[in-house]
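Novice: Each protein sequence line maps, in turn, to chains P and D.
Numbering-wise, the first sequence is residues 1 to 265 according to this note's numbering.
Numbering-wise, the second sequence is residues 1 to 265 according to this note's numbering.
Any given hint could be a false lead.
Derived list of chain D stretches under chain P, where covered just means 3 residues or more per stretch with a C-beta under 8 Å from a C-beta of chain P [to be verified]:
id, stretch
1, 232-246
2, 252-264
Derived SDA-like pairs (lysine to any residue); straight-line CA-CA distance at most 25 Å [stated by the list, open to error]:
id, chain 1, residue 1, chain 2, residue 2
3, D, Lys30, P, His165
4, D, Lys154, D, Met141
5, P, Lys31, D, Lys164
6, P, Lys218, D, Val94
7, D, Lys30, D, Glu10
8, P, Lys164, D, Phe243
9, D, Lys242, P, Thr251
10, P, Lys164, D, His35
11, D, Lys164, P, Ser66
Label pairs and their in silico Cβ distance ranges [said to hold, decoys possible]:
id, chain 1, residue 1, chain 2, residue 2, range
12, P, Lys139, D, Gln152, 55 to 65 Å
13, P, Tyr179, D, Asp143, 51 to 61 Å
14, D, Met69, P, Lys155, 25 to 35 Å
15, P, Gly240, D, Ser26, 33 to 43 Å
16, P, Arg220, D, Leu190, 44 to 54 Å
17, D, Asn217, P, Lys139, 43 to 53 Å
18, P, Ala18, D, Met69, 47 to 57 Å
19, D, Lys136, P, Lys164, 38 to 48 Å
In short, the hints are calculated from the structure, not lab data.
Source: prediction; values computed, not measured.
We treat Cβ as the ideally placed atom computed from N, Cα and C, and that holds for glycine.
There are 2 protein chains.
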Amino acid sequence: MKDRAKDWFEELRNRLVATIEQHDGSKFEKKHWKHSGRGGGMMSIMKGNIIEKGGVNISTVSGKFSEKMQQRIPGSKEDPRYWATGISVVLHPVNPNIPSMHFNTRYLVTQKNWFGGGMDITPCLEFEVEKKDFHKDLKSMCDRHDKSYYPQYKKWCDEYFYLKHRKEPRGIGGIFFDYLNNDNFENDFLFVREVGSFFHTYVDKIITLNKDKNWTNKDRELQLIKRGRYIEFNLLYDRGTKFGLETGGNTDAILMSLPPLAAWE
Amino acid sequence: MKDRAKDWFEELRNRLVATIEQHDGSKFEKKHWKHSGRGGGMMSIMKGNIIEKGGVNISTVSGKFSEKMQQRIPGSKEDPRYWATGISVVLHPVNPNIPSMHFNTRYLVTQKNWFGGGMDITPCLEFEVEKKDFHKDLKSMCDRHDKSYYPQYKKWCDEYFYLKHRKEPRGIGGIFFDYLNNDNFENDFLFVREVGSFFHTYVDKIITLNKDKNWTNKDRELQLIKRGRYIEFNLLYDRGTKFGLETGGNTDAILMSLPPLAAWE
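Pulled out of the complex, with its shape left as it was, chain P reads as follows (with noise of 0.2 Å):
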């Protein structure tokens, strides 16, 4: 289950990789990493003609966890091994009308096991069009594998990606899952393997119609500034952010999820 899940999220970063350098022109750039405890990762960095910043992350991570993240970890109390592996997408385009993307999936291990991961989208220009087809679409993958799913998992997107110091919401949300484990790995692994497909395909549907739209200067300031506000949640409120520089992890990996360039008012 371990290997299976790991080689998906490589398959995944294939895919990904793939599909935006044929759109964008350029080449990522492939970086290996080490983690503190055990295994490492690959982060993936793309400054494009499309893409303005993309990051595609993927580490195979193992170790012990600290007595006060055991509290915290499921499957964890009386074993403070864990060994984890994850995909984690970050795209910030050059071009207004297309919305940062952002998606992740993970699989964790400790004397339980889980998927956990999402997605979500920031536009920062008029896109109620598209939201809706995004969040029908969405509901319609999510409903063929369980009708629970979306409504439980956009909400829990949309607490989880708001600033409550702006009362704002970071973009239009999306879907956010965690500790899914159904007692049935082949059909968990199927969900988040379609959350994956799901996203590849819209990241491919979303260039293609929107990369060749004009903007103008007060468009651009206005994805400047959404992108501050993007900067100030994963600062002050992402919960893996958080987790990754407190037990050590790579900052360049951890950061890789920040804008090239951002405004404040």
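Given the coordinates of chain P, work out where chain D should sit on it, guided by the hints.
Specialist: Chain D in isolation, oriented as in the chain P frame:
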């Protein structure tokens, strides 16, 4: 004592604003804001020719600490009421040869009362000579009050303005102090005023010396990257930012410190 502290912070604000406006040729825009308890403040914001973004915020507020805060704040265990007045300043200049400059001083009253504050400087280009001068002058000023101040407050500043995840300091340091109360309000207040006057003089001096120096695109890039680090510090570590956002403070005033434009590699 409360009135005298409050009046001084206003006077210092007026002096700083006048000096910066004279250099810049632009005017600060003033915005009143109200505190969720009692009182409020006034932000003075400039987006100018020399100061790309500058903010001077003064506030005088009172209220009751939450039970959690009562445990943390001296003199509030038995009575949650507080009164506070202060000034904070952040300047992000256009010219990469002028460093970003940060300063604040405050007077807090619970069942105890004390001054706190400090200043620190964040250059993005070579600044070794200026760094030496800055620290030498700062030490002289501190030494006139108490020989123990400079070494103690410099150390506090170095420890505070450190980005653990980057293993690098935010800038070249300065001084940082808190809970200053020697049972002699006159002496403590004189020190606080001299700290403010020192900053005022320093701002005037460093702008005068460096405002006409040329810079390259590469210097601008280094500046934007350094500003990214500045943002990382403020959102990940800064006590004032965390305290302010958690206690429902004025978001615009709290995040006034963020630079107008920043980059990540």
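Novice: Against each hint, give a clear statement of whether it holds in the structure.
Specialist: We went through each hint and held it up to the structure:
Counting residues of the stretch 232-246 of chain D whose C-beta lies closer than 8 Å to any C-beta of chain P gives 4; at least three are required, and the coverage claim holds. With a cut-off of 8 Å between beta carbons, the stretch 252-264 of chain D has 9 residues touching chain P; three or more are needed, and the interface restraint holds. With a C-alpha separation of about 22 Å, the suggested pair Lys30/D and His165/P falls inside the 25 Å cut-off, and the hint holds. Our distance criterion of 25 Å between C-alpha atoms is met by Lys154/D and Met141/D, whose separation comes to about 13 Å.
Note on Lys31/P and Lys164/D: the hinted pairing holds, with a Cα-Cα distance of about 22 Å set against a maximum of 25 Å. Between the alpha carbons of Lys218/P and Val94/D the distance comes to roughly 21 Å, so the proposed pair stays at or under 25 Å and holds. With a CA separation close to 13 Å, the supplied pair Lys30/D and Glu10/D stays within the 25 Å bound. Between Lys164/P and Phe243/D the CA atoms are separated by roughly 14 Å; this keeps the pair inside 25 Å, and the hint holds.
Distance restraint check for Lys242/D and Thr251/P: the Cα-Cα separation of roughly 21 Å lies within the 25 Å cut-off, and the hinted pair is therefore satisfied. Between the alpha carbons of Lys164/P and His35/D the distance comes to roughly 17 Å, so the proposed pair stays at or under 25 Å and holds. Note on Lys164/D and Ser66/P: the hinted pairing holds, with a Cα-Cα distance of about 19 Å set against a maximum of 25 Å. For the pair Lys139/P and Gln152/D, the beta carbons lie near 60 Å from each other, so the given range of 55 to 65 Å is met.
Between Tyr179/P and Asp143/D the CB atoms are about 58 Å apart, so this pair conforms to the stated range of 51 to 61 Å. Between Met69/D and Lys155/P the beta carbons are some 31 Å apart, a value that agrees with the proposed interval 25 to 35 Å. At roughly 41 Å, the beta-carbon separation of Gly240/P and Ser26/D lies within the given 33 to 43 Å, and the hint holds. Our hint of 44 to 54 Å for Arg220/P and Leu190/D holds, since their Cβ atoms are close to 50 Å apart.
The beta-carbon spacing between Asn217/D and Lys139/P, approximately 47 Å, falls within the hinted interval of 43 to 53 Å. For Ala18/P and Met69/D, the Cβ-Cβ distance of about 53 Å falls inside the hinted range of 47 to 57 Å, so the restraint holds. Checked against the hint of 38 to 48 Å, the C-beta distance between Lys136/D and Lys164/P comes to roughly 44 Å, which is consistent with it.
Hint compliance for this structure: every hint is met.
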